[in-house]
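Chains F and Z supply the protein sequences, listed in that same order.
At position 508 of the first sequence (counting the first as 1) the number is 508 in our numbering, and the numbers step up by one without a gap.
Here our numbering = 1-based position in the second sequence + 634.
Do not take every clue at face value.
Pairs of lysine to any residue residues, derived as SDA-like cross-links and limited to a Cα-Cα distance of at most 25 Å, are as follows [to be verified]:
1) F:K353 <-> Z:T658
2) Z:K712 <-> F:G203
3) Z:K714 <-> Z:G817
4) Z:K862 <-> F:Q344
5) Z:K764 <-> Z:A878
6) Z:K712 <-> Z:G763
Simulated from the structure, these hints should not be mistaken for lab results.
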Amino acid sequence: MTASSTDWSAPGLDSETRESSPLPDPDPAIDRPPMEVDIVCAGFGPAMGGFLTTLTQAWNDNPADPAFESRVMPGMPLQVLCYERADTLSAGVSGVVTQAKGIRSSFPDLNPAEIPMAVPVTDERVFYLLDPIGASRRSLPLRIGDFFLRLAGSLVLKDRAFELPWTPAFLHKKNGLVLSIGQFNQWVAECLMAGGLVQIWPGTPVAAPILENDAVAGLRLADQGVNKSGEPDHNFIPGMDVRARLTVVGDGAIGQVGAALNQNQNGAKCWAMGMKFVIELPEAAADSELRPGTVWHTIGYPEPEIFGFLYVHPDRLVSVGIFVPSWMGDPARTAYRYLQHFIQHPALWKHLKDGTLRSWGAKSLEESGRRAEPPLSGNGYARIGEGSGSTNMLTGSGVDEAWTTGIQLGEAVLELLRAGKPFTHQNLSAAYETRRRASWIERGAREAENARNGFHRGFIRGLIGMALTGLTRGKLSLPAHIPPAHRQIRPFSFFAASGIKLREAAELVLEDGRPLHDALMSARGWPEIPFDGRLLVTQQDALLMGGKVQAPPAFADHVIFRSKGLCLLCDEKTCIAMCSGQAITLGSDGAPVFEREKCIHCGGCLWNCAQSPDGVNGNIDFRAGAGGLHSAEN
Amino acid sequence: MANALHIVACAGIVPDPLQTLEPTLAPTGPAIRNEMVLPAMLDPWAACALYEAASLIAKNPGEPQNPSKLWLVSLTPKAKLQQVMMTVAQKLSFELVPIDGPIGGFTDAHSTAAILAETIAALPGLDRGKLLLFGGWESANRGAGVTLQLIGERLGITDQFQGVDQIELRDDGPFEVLERVEGGRHQVSVCAGPPAVLGWATGNLPEPRNNPQIGMDNMRTIMPVLQKAKTAALDTNSLRYVSATLPAQQRTTRVVKDMHPEAIAQEIVEWIGKDS
Numbered sequence: 001m002t003a004s005s006t007d008w009s010a011p012g013l014d015s016e017t018r019e020s021s022p023l024p025d026p027d028p029a030i031d032r033p034p035m036e037v038d039i040v041c042a043g044f045g046p047a048m049g050g051f052l053t054t055l056t057q058a059w060n061d062n063p064a065d066p067a068f069e070s071r072v073m074p075g076m077p078l079q080v081l082c083y084e085r086a087d088t089l090s091a092g093v094s095g096v097v098t099q100a101k102g103i104r105s106s107f108p109d110l111n112p113a114e115i116p117m118a119v120p121v122t123d124e125r126v127f128y129l130l131d132p133i134g135a136s137r138r139s140l141p142l143r144i145g146d147f148f149l150r151l152a153g154s155l156v157l158k159d160r161a162f163e164l165p166w167t168p169a170f171l172h173k174k175n176g177l178v179l180s181i182g183q184f185n186q187w188v189a190e191c192l193m194a195g196g197l198v199q200i201w202p203g204t205p206v207a208a209p210i211l212e213n214d215a216v217a218g219l220r221l222a223d224q225g226v227n228k229s230g231e232p233d234h235n236f237i238p239g240m241d242v243r244a245r246l247t248v249v250g251d252g253a254i255g256q257v258g259a260a261l262n263q264n265q266n267g268a269k270c271w272a273m274g275m276k277f278v279i280e281l282p283e284a285a286a287d288s289e290l291r292p293g294t295v296w297h298t299i300g301y302p303e304p305e306i307f308g309f310l311y312v313h314p315d316r317l318v319s320v321g322i323f324v325p326s327w328m329g330d331p332a333r334t335a336y337r338y339l340q341h342f343i344q345h346p347a348l349w350k351h352l353k354d355g356t357l358r359s360w361g362a363k364s365l366e367e368s369g370r371r372a373e374p375p376l377s378g379n380g381y382a383r384i385g386e387g388s389g390s391t392n393m394l395t396g397s398g399v400d401e402a403w404t405t406g407i408q409l410g411e412a413v414l415e416l417l418r419a420g421k422p423f424t425h426q427n428l429s430a431a432y433e434t435r436r437r438a439s440w441i442e443r444g445a446r447e448a449e450n451a452r453n454g455f456h457r458g459f460i461r462g463l464i465g466m467a468l469t470g471l472t473r474g475k476l477s478l479p480a481h482i483p484p485a486h487r488q489i490r491p492f493s494f495f496a497a498s499g500i501k502l503r504e505a506a507e508l509v510l511e512d513g514r515p516l517h518d519a520l521m522s523a524r525g526w527p528e529i530p531f532d533g534r535l536l537v538t539q540q541d542a543l544l545m546g547g548k549v550q551a552p553p554a555f556a557d558h559v560i561f562r563s564k565g566l567c568l569l570c571d572e573k574t575c576i577a578m579c580s581g582q583a584i585t586l587g588s589d590g591a592p593v594f595e596r597e598k599c600i601h602c603g604g605c606l607w608n609c610a611q612s613p614d615g616v617n618g619n620i621d622f623r624a625g626a627g628g629l630h631s632a633e634n
Numbered sequence: 635m636a637n638a639l640h641i642v643a644c645a646g647i648v649p650d651p652l653q654t655l656e657p658t659l660a661p662t663g664p665a666i667r668n669e670m671v672l673p674a675m676l677d678p679w680a681a682c683a684l685y686e687a688a689s690l691i692a693k694n695p696g697e698p699q700n701p702s703k704l705w706l707v708s709l710t711p712k713a714k715l716q717q718v719m720m721t722v723a724q725k726l727s728f729e730l731v732p733i734d735g736p737i738g739g740f741t742d743a744h745s746t747a748a749i750l751a752e753t754i755a756a757l758p759g760l761d762r763g764k765l766l767l768f769g770g771w772e773s774a775n776r777g778a779g780v781t782l783q784l785i786g787e788r789l790g791i792t793d794q795f796q797g798v799d800q801i802e803l804r805d806d807g808p809f810e811v812l813e814r815v816e817g818g819r820h821q822v823s824v825c826a827g828p829p830a831v832l833g834w835a836t837g838n839l840p841e842p843r844n845n846p847q848i849g850m851d852n853m854r855t856i857m858p859v860l861q862k863a864k865t866a867a868l869d870t871n872s873l874r875y876v877s878a879t880l881p882a883q884q885r886t887t888r889v890v891k892d893m894h895p896e897a898i899a900q901e902i903v904e905w906i907g908k909d910s
């Protein structure tokens, strides 16, 4: 089988869309080695964990079940392969709190102590944080509210924080777990590999789905031995075509397979950059109120639009981080610096100040939920997890939802295998989508569908809209027109009247060579970070703490600027501000430059581009790439 | 060369060096903090030996009825070895021989060598007359660099080479070896033939690219043998560590403008010189 017999255009695309397709342009002259399996999977995260666990447990219960006989290797069990881009399965970047309903249904006897950094939730609180500095961009109504809170003083405030007297029910994670997703993924993978049915291969990016005759026929792995542009170089090995009856797409919010199958979507998605530190508390903190299982949610600081969290793991480890949303119109979305200001808020700093930074990480979160749900299945493929729109933005949870979609697909696949039915769109829809629509995932997704609409019209409207949605279980919500991500970034000129202070920032840039967006925060009144080399370190030093960043040689650049002309015209260059690894910097010619070796694959650049060549997608293409962060404690 | 080779590569695992490693004192002695939590990889020197072995086998496949063969013998926790295999098994074909043992580089080299030698001697189908014992001449775990030599001695192999960067087989059976010596030079030796022990330095080969077909074929045999891995009964009483320290590390960050490259280079040289 060679690429020449493969149709690479997604069904139903018009020619204009196809021109800006993120699919690689295959060279039909390249003879790609094929490999036949029964089920091939893209991406290993919680959703894929749920899917593969369901299959494996069923096989272990009855290995003689004829449904598990391989078609490509008669006499052998199903050949199930899963490919993951990250170099190790513990490189998943997220500390989470989850209700773990789906996870516990897969592991009824789950003992959290068996999973490093896991602990049951013991205490949940919600805080509104006042601005102790005076640099936060707060609207007049918010400043009035802050004024009255300050007036009430210590009656309602402690350490410049107002603790909500109760945690809204929709935010509760009762009986849930605090997890490190990296460690959880690793634990699940160990269970799966020991089960013997599935093979999981990290360090293997998937370039694209193989599309044939209105069906997905498998996955094409990324070429190796290529230069930055993807052209064959020394020891070129063309990406293998792994062909399968069923392709399971679980490559997350920024996965290339999911993106290639999404081309007919309008791009009107909401995103957030989740960035966090893992901090080791000093021994003296062992008796503090930060006991293992403690969960804090915060709003109000460092900017009103930025939500924060603090989760306490065992062994004095704390995950503390922020979410910078796409609906924060400000083009200066410097998440790393915002995170440093966040942890210095008095309510957090009193616990963290003597701690040590153990690791750091960031990840793009797809926050559209059901509103941007893509097709869940088609001929030869099914989609699970975050990329399938399973994240619930009312409850602020996605891991358990993703895991459960994996279970549902696993059960559906078992049903079809036992019935001897092919993996057609019709059959997958009947078996998988029907399960999902009838489940708590769908009910929650519908309730949450418009929960965050209000934030597109301001922070206070957002809170009102979210409360309205949460308290009425989705019956009432605020309307909103949600533009594509590139149009959610406001131009600098929009903020001119409210003190964007570009000139002052430019002077700082000239003075010491710092990035413009960092200078902009200083010009707006944010104090310089008092680096101590232990907890407060430069962003470049953070790349070297905990798990470091690495890009194996011989893979192509995976961040592509589609039109350099548009980059040169762009004043905002939010891609540089938001780049978690500072892998995108300003080149000498005024266009952004990408350094693969520093990229942590957070995908932030994908939705932090203010330009669009086609009015739908941003000017940055995010392709298959290897490497990234090696942090095991995230 | 028509003669088949039987290469046994010994390789332990070490924590991924991209992690921040902290020494600690566990009840059992010195250890790396949270080592079971950290991602692991093949010991880099042993990995070079494995790549060289696979390359040698590829060049000398033997006859269909008498093929060359590569074993990978590893004494390490099998759960961690399973993780490492997810990466290594895609790169080259081998038969894994796992021995479940403790993590870390602080086990007694004599006890480790005894178990490995016993395991190798019992490998079904191994022909001592074709045996090349490969491994790293150093270890990223502890660097004592004696285990491979001890295994060779226990197996009665007297031709031993350490710091090997190259091996070249000759048609009539002997092979030429380049060993590192002082002054950045190589010592060239010619050995009459197997059996021999080769402790590899870095060799000359890059890390092989991932090949999914090899991975799928390997994993069919790797997972069953991992499940059945025997547990090593290491002697834990004969060795006691008084102390263990990491090499001093220092990182300083300073922002300067308009500094001449030569001045930067000079400052770096002076900074390095402080430790010497």
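* Which of the listed hints are broken here? -> Violated: hints 3, 4, 5, 6.
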